[in-house]
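Visitor: Chains as they are written, first to last, in this note's numbering: chain D, 22 to 164; chain E, 247 to 364.
Because the hints were derived from the structure by calculation, they are not lab data. It is possible that part of the hints are untrue.
Some chain E residues judged to face chain D by a derived CB distance under 8 Å, without partners named [said to hold, decoys possible]:
| hint | residue |
| --- | --- |
| 1 | 272 |
| 2 | 312 |
| 3 | 314 |
| 4 | 339 |
| 5 | 340 |
| 6 | 343 |
Heads up, the beta-carbon is just placed ideally off N, CA and C, and yes, glycines get one too.
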Amino acid sequence: MKNPKSDYPELRVKSSTENLVRIREFVNNSARKFGISEEIVGSLVLAVDEASSNIIRHAYKNQPDGEITVVLFVEDNQCTIVLTDHGVGFNPDQVRTPDMVAYLKEKKRGGLGIHLMKKLMDEVDYHSVTGEYNKLVLRKKIA
Amino acid sequence: MADFKSGLRDKDEFSIIDLSGYLDAHTAPELETRFTNLIDKNRFKVVVNLKDLEYISSAGLGVFMAYIETMRENQGDIKLVSLKPSVYSIFDLLGFPLLYDIMKDEEEAINKFKEQGK
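If we strip away everything but chain E, and leave its shape as in the complex, we get (with noise of 0.2 Å):
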């Protein structure tokens, strides 16, 4: 079985989402659920907490690509916050960081969020 976890926090206005594990294309469904019940709750400020994912393929980068327009949409975004060098190196190859605020951790990324009034 494919080891990987999300589990969601609320911190205010902010979801916090951990992530742990192996993110591939069997695993990424269940991520995208997170980001549908969010949408569905109006909650669009997220903070995507790494720091225990081990892998991830491009099909969980495409779960971040299919949700990010509609949290900025909605005066939100998704921050990334926590990763490893091994999967910082993966969203770098496909120019992630120009694209996305990636971030050291979550209280950086939600000053971010406070900054760009949000």
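Isolated chain D, as found in the complex (with noise of 0.2 Å):
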């Protein structure tokens, strides 16, 4: 039987942030076929390049010959988002909300990506499969 999911756009491309303009502009493209508002496209591309820059630097360490696909369907008036790697496991569920105060005092900056990507996205799943592949699913509704 034929996968359905495999008419879905995709891209892979490899772990490098040089490609996140790559990334940016198939899921602004991939969006706007399906008909879905400017306001909610912005915030699916910026969640993916979170996601994808984390993919980056935590999952392959920045090394820049990994891979990551990212495949975008709509149904049920929900758009869904998943991005594979291949990479070392990085659950952001064990990210703990930024206090911004005590963030500035110390000077830092991490954590900021996963926090943006669960306030634009209705649901953000993951699930990794040890020296398999890691899969984030993004979720929002779009109308």
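Could you use the hints to bring the two separately framed chains together as a complex?
Guide: Here's what the structure looks like:
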């Protein structure tokens, strides 16, 4: 049987920050084809940028030869974006909500991306099979 | 290529950084270099003009977070001006308006520095 999801737009890129531009363009163009509003497209683009930046930094430790796959689809008025990597597992649920005042005093900056991703999306799910793959699933209602 | 530029102008004791394009994890190191260079030159009163900045991710926000305290410890500050609404909304999501002076334009920021006796 044909996998229905094989028709969904998919992007495969290497784990370099240089590719963030391509990732953003992919999300922007694919989401617009589904008729999603500009405001929500903006949130999707930023959330996927944050997710990809984390994969590059934490899963692949800034090594540019890893692979990131991004798939986007819409079902029942909900946009789902799945990011897959084969790096070191990283669970966003283990990152605490940053205390911004304390952050400034300590000159810290990490953890903001995950916090932002959770604020922008309705749901953020993470699934990791050690040594095989990590899957991050972002969901947002589009109407 | 990610399209991002940062320029630097001096206005008396104030340093104005002009940003344009897309500030993300790839381009944030360029802005970071701007701040470290200013600190090396003991220039702590910084106005960042975001008039032409189209996009910012947390990597860009992180640069402002990493350097503001150093500026404040040295009687300076980082004040952000002329943000597009789409960019402002990202700062707002993370609570920046409570922690930073986010202002209409350069003149307002410089006046605020003067009012604060900085």
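Visitor: Could you run down the list of hints and mark each one as holding or not?
Guide: How the hints compare with the structure:
For residue 272/E, the interface hint holds, since its Cβ comes within 8 Å of a Cβ in chain D; the closest pair sits about 4 Å apart. Nearest Cβ of chain D to the Cβ of residue 312/E: about 5 Å, under the 8 Å cut. The hint holds. For residue 314/E, the shortest C-beta to C-beta distance to chain D is roughly 6 Å, which falls under 8 Å, so the interface hint holds. With 8 Å as the threshold, the beta carbon of residue 339/E comes within range of chain D, its nearest partner Cβ sitting at about 5 Å, so the hint holds.
For the restraint placing residue 340/E at the interface with chain D, the shortest Cβ-Cβ distance is roughly 6 Å, inside the 8 Å limit, so the hint holds. Below 8 Å, beta-carbon pairs count as interface contacts, and residue 343/E has none with chain D, the closest being about 11 Å; its hint is therefore violated.
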